[in-house]
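**Q** Sequence:
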Amino acid sequence: NSPLSALARGRFRLENDGLARGAEYARLLGIAIAPCAIGAAELIRREGIALFDRSHAGQLAFVLLLPALWIVKLALAETFRRPQTALVPWLKSPRAREVLTLVLAVVALALIPRLLWLAVLPGLWLVLSVLDLAGDQRHSEFSKDVRSGWSYSPAIAAGSLVAVACVTVLSQ
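Anchor point for the sequence shown: position 54 equals 70 in the numbering used here, and the numbering is continuous, going up by one each time.
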């Protein structure tokens with residue numbers, strides 16, 4: 017037995033304090049993403065450029081969902097570790113974030129039957145907006161300080177635009 021095994025006591029329980037605080041959600045999502053990434057790699061290898069055909073819309077959405085889920089994983093960790101960080105820093109008021117959340121939900125739902133792969137993007141920003149609202153609520157319980165912007169937000173915004181442009185071109 018290793019010396020670390022002596023430190024482990026008890027069994028896993030759903031009443032786990034880390035789960036109750038939300039501290040483990042990002043880790044659990046990361047674990048769930050791993051086998052999906054293997055499946056996506058096999059799909060890309062098998063389909064190649066044909067993945068961008070309209071007949072493969074669901075498969076393309078699956079592949080594009082993986083980086084979106086990784087961003088959600090990072091956002092979950094940030095929200096629960098540092099609620100003072102604004103994930104969507106461009107919107108200062110909670111009301112503006114609520115409106116954005118509603119608009120993104122409508123856009124994502126409208127895109128699902130038409131352009132499934134494109135629905136991933138507003139879906140990602142919808143989740144970020146919801147997590148941002150949750151972080152703002154947690155932060156306001158303890159502090160009245162202004163929240164600082166998430167350092168990844170500009171890169172995610174730019175990457176979102178580049179991804180849409182590239183996939184749109186490849187899908188034509």
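Hints listed in this document are in silico derivations from the structure and should not be mistaken for laboratory results.
Careful: at least some of the hints might be erroneous.
[Unchecked claim] Label pairs and their in silico Cβ distance ranges: (1) VAL162 x GLU58: 42 to 52 Å; (2) ARG154 x GLN188: 40 to 50 Å; (3) GLU114 x ALA173: 11 to 21 Å; (4) ARG111 x GLY55: 13 to 23 Å; (5) SER167 x ARG37: 22 to 32 Å.
None of the values given here were measured: they were computed from a predicted structure.
Here a beta-carbon is modelled for each residue, glycine too, at the ideal position from N, C-alpha and C.
**Q** Look at each hint and say if it fits the structure.
**A** Quick rundown of the hints versus the structure:
no. : hint                        : verdict
1   : VAL162 x GLU58: 42 to 52 Å  : holds, 46 Å
2   : ARG154 x GLN188: 40 to 50 Å : holds, 44 Å
3   : GLU114 x ALA173: 11 to 21 Å : holds, 20 Å
4   : ARG111 x GLY55: 13 to 23 Å  : violated, 40 Å
5   : SER167 x ARG37: 22 to 32 Å  : holds, 23 Å
Figure legend: structure checked against the earlier numbered hints; the only hint not met is number 4.
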